[in-house]
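Start from the sequences and build out the full structure, keeping to the hints where you can.
Chains A and B, in that order, are what the protein sequence lines are.
Going by this note's numbering, the first residue of the first sequence is number 65, and it counts up by one from there.
Going by this note's numbering, the first residue of the second sequence is number 3, and it counts up by one from there.
If you're looking for bench data, these hints aren't it; they were derived computationally from the structure.
Predicted model, so just to flag it, every value in this text is computed and none were measured.
Take these hints with a grain of salt, some might be off.
[Unchecked claim] Mimicking SDA-like on lysine to any residue, the simulated pairs with C-alpha atoms at most 25 Å apart in a straight line are:
#	chain 1	residue 1	chain 2	residue 2
1	A	K78	A	D102
2	B	K61	B	P95
3	A	K78	A	V124
4	B	K5	A	Q149
5	B	K103	A	R132
6	B	K59	B	D41
7	A	K73	A	Q86
8	B	K103	A	D90
9	A	K73	B	P42
10	B	K103	A	T150
11	B	K65	A	R161
12	B	K5	A	E160
13	B	K103	A	T119
14	B	K103	A	V114
15	B	K5	A	D120
16	B	K103	A	T71
17	A	K73	B	A88
18	B	K5	A	S148
19	B	K5	B	L51
20	B	K103	A	Q149
21	B	K65	B	Q83
22	B	K5	A	T119
23	B	K19	B	T80
24	B	K57	B	D86
25	B	K103	A	Q86
26	B	K103	A	T84
27	B	K103	A	D102
28	B	K73	B	E58
29	A	K73	B	S111
30	A	K78	A	R141
[Claimed, not checked] From chain B, some residues computed to sit far from chain A (all C-beta separations above 10 Å):
#	residue
31	T28
32	K65
33	A81
34	D86
[As the list claims (entries may be wrong)] Residues from chain B shown here face chain A by an in silico Cβ test under 10 Å; the list is partial:
#	residue
35	I6
36	Q40
37	G45
38	P46
39	F48
40	L51
Ideal placement from N, C-alpha and C gives every residue a C-beta, glycine not left out.
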Amino acid sequence: NAGVTQTPKFQVLKTGQSMTLQCAQDMNHEYMSWYRQDPGMGLRLIHYSVGAGITDQGEVPNGYNVSRSTTEDFPLRLLSAAPSQTSVYFCASSSERDRAFFGQGTRLTVV
Amino acid sequence: SQKIEQNSEALNIQEGKTATLTCNYTNYSPAYLQWYRQDPGRGPVFLLLIRENEKEKRKERLKVTFDTTLKQSLFHITASQPADSATYLCALPLNAGNNRKLIWGLGTSLAVNP
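This is the structure in structure tokens:
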């Protein structure tokens with residue numbers, strides 16, 4: 065099993081550009097989440113999904129969109145990148161009341 | 003709202019000693035609490051989960067306790083090794099004991115010196 069796969073690992077964007085961070089899991093987990101991790105702030109939940117077709121907002125959803133058309137995939141879209149979105153992004157998946165599996169992260173810089 | 007507090011200062015210990023890390027939460031008692039390890043540039047990796055009706059859980063050199071009266075979990079690494087150096091995070095569910103929303107502590111950095 066590959067677990068949780070995130071792409072790309074690194075990305076530099078210019079302010080105003082849009083992009084999609086990809087996340088795929090092969091464990092048939094119902095729960096998937098996107099976090100950003102910033103120094104001194106810890107992991108903060110951006111959006112999450114409890115199954116295909118169902119998404120909801122986390123703590124810091126502004127500037128990000130998600131969709132969940134399949135159980136496996138949960139892409140995160142940055143609509144118009146801003147320097148404040150410079151961060152490390154992690155995708156995670158889990159089943160109910162069980163451990164979360166994380167991807168290796170995407171380091172995003174917005175200039 | 004629920005908050006998590008972990009030792010903010012880095013913990014430095016000598017190889018072979020026991021490391022003890024603390025996770026305190028502020029409001030309701032969660033149905034379970036999880037501990038993860040994070041190495042620089044990597045995603046968190048699950049270590050242990052302890053449920054509200056469990057006082058203690060062990061896995062090899064790791065031990066977790068859960069005191070719902072004190073609203074605290076302690077994470078112990080016995081016979082510590084330099085390879086245990088990492089940041090350790092605790093996490094708990096925000097609502098209803100499921101994984102819809104997890105909240106995370108900032109983590110405690112552990113350095114084990116040879």
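Now for the hints, and whether the structure bears them out:
1. Restraint check for A:K78 and A:D102: the C-alpha separation of about 19 Å stays at or below 25 Å, so the hint holds.
2. Taking the CA atoms of B:K61 and B:P95, the gap is near 22 Å; set against the 25 Å cutoff, the hint holds.
3. For a cut-off of 25 Å, the pair hint linking A:K78 to A:V124 stands: about 21 Å separates their Cα positions.
4. Only pairs whose Cα atoms come within 25 Å are accepted, and B:K5 paired with A:Q149 is accepted, the gap being roughly 24 Å.
5. With a C-alpha separation of about 17 Å, the suggested pair B:K103 and A:R132 falls inside the 25 Å cut-off, and the hint holds.
6. Between B:K59 and B:D41 the CA atoms are separated by roughly 23 Å; this keeps the pair inside 25 Å, and the hint holds.
7. The straight-line distance between the Cα atoms of A:K73 and A:Q86 is roughly 10 Å, inside the 25 Å bound, and the hint therefore holds.
8. The hinted pair formed by B:K103 and A:D90 meets the criterion: a straight-line CA distance of about 21 Å does not exceed 25 Å.
9. With a C-alpha separation of about 14 Å, the suggested pairing of A:K73 with B:P42 holds against the 25 Å cut-off.
10. For the given pair, B:K103 sits about 23 Å from A:T150 by alpha-carbon distance, which is consistent with the 25 Å threshold.
11. For a cut-off of 25 Å, the pair hint linking B:K65 to A:R161 stands: about 20 Å separates their Cα positions.
12. Only pairs whose Cα atoms come within 25 Å are accepted, and B:K5 paired with A:E160 is accepted, the gap being roughly 21 Å.
13. For a cut-off of 25 Å, the pair hint linking B:K103 to A:T119 stands: about 12 Å separates their Cα positions.
14. Straight-line distance between C-alpha atoms of B:K103 and A:V114 comes to about 10 Å, which keeps the hinted pair within the 25 Å bound.
15. Our distance criterion of 25 Å between C-alpha atoms is met by B:K5 and A:D120, whose separation comes to about 21 Å.
16. Between B:K103 and A:T71, the direct Cα distance comes to roughly 23 Å. Compliance with the 25 Å bound is thereby established for this hinted pair.
17. Only pairs whose Cα atoms come within 25 Å are accepted, and A:K73 paired with B:A88 is accepted, the gap being roughly 21 Å.
18. The hinted pair formed by B:K5 and A:S148 meets the criterion: a straight-line CA distance of about 24 Å does not exceed 25 Å.
19. Simply put, B:K5 and B:L51 have alpha-carbon atoms about 18 Å apart, close enough for the 25 Å limit, and the pair holds.
20. As the CA atoms of B:K103 and A:Q149 are separated by approximately 21 Å, the hinted pair is consistent with the 25 Å bound.
21. The hinted pair formed by B:K65 and B:Q83 meets the criterion: a straight-line CA distance of about 15 Å does not exceed 25 Å.
22. With a CA separation close to 24 Å, the supplied pair B:K5 and A:T119 stays within the 25 Å bound.
23. Pair hint B:K19 plus B:T80 holds up; C-alpha atoms about 6 Å apart against a cutoff of 25 Å.
24. For the given pair, B:K57 sits about 24 Å from B:D86 by alpha-carbon distance, which is consistent with the 25 Å threshold.
25. About 20 Å separates the Cα atoms of B:K103 and A:Q86, which keeps this hinted pair within 25 Å; it holds.
26. Between B:K103 and A:T84, the direct Cα distance comes to roughly 22 Å. Compliance with the 25 Å bound is thereby established for this hinted pair.
27. With a C-alpha separation of about 18 Å, the suggested pairing of B:K103 with A:D102 holds against the 25 Å cut-off.
28. Our distance criterion of 25 Å between C-alpha atoms is met by B:K73 and B:E58, whose separation comes to about 14 Å.
29. A hinted pair counts as satisfied when its Cα atoms are at most 25 Å apart, and A:K73 with B:S111 qualifies at roughly 24 Å.
30. For the given pair, A:K78 sits about 15 Å from A:R141 by alpha-carbon distance, which is consistent with the 25 Å threshold.
31. With a minimum CB-CB distance of about 15 Å to chain A, B:T28 clears the 10 Å threshold, and the non-interface call stands.
32. Under the 10 Å C-beta cut-off, the non-interface status given to B:K65 relative to chain A holds; the minimum distance is some 17 Å.
33. Residue-level check passed: B:A81 sits 24 Å from the nearest beta carbon of chain A, beyond 10 Å.
34. Non-interface call for B:D86 relative to chain A: holds, since the shortest CB-CB distance, roughly 19 Å, exceeds 10 Å.
35. Interface restraint check: B:I6 against chain A, minimum CB-CB distance 9 Å, threshold 10 Å, status holds.
36. For B:Q40, the shortest C-beta to C-beta distance to chain A is roughly 9 Å, which falls under 10 Å, so the interface hint holds.
37. With a least beta-carbon distance of about 3 Å to chain A, the hint placing B:G45 at the interface is held under the 10 Å criterion.
38. Against a cut-off of 10 Å between C-beta atoms, the interface hint on B:P46 holds, since the closest Cβ of chain A lies about 5 Å away.
39. Interface restraint check: B:F48 against chain A, minimum CB-CB distance 4 Å, threshold 10 Å, status holds.
40. Of the supplied interface hints, the one on B:L51 holds, with its beta-carbon coming within about 6 Å of a beta-carbon of chain A, less than 10 Å.
The structure shown violates none of the earlier numbered hints.
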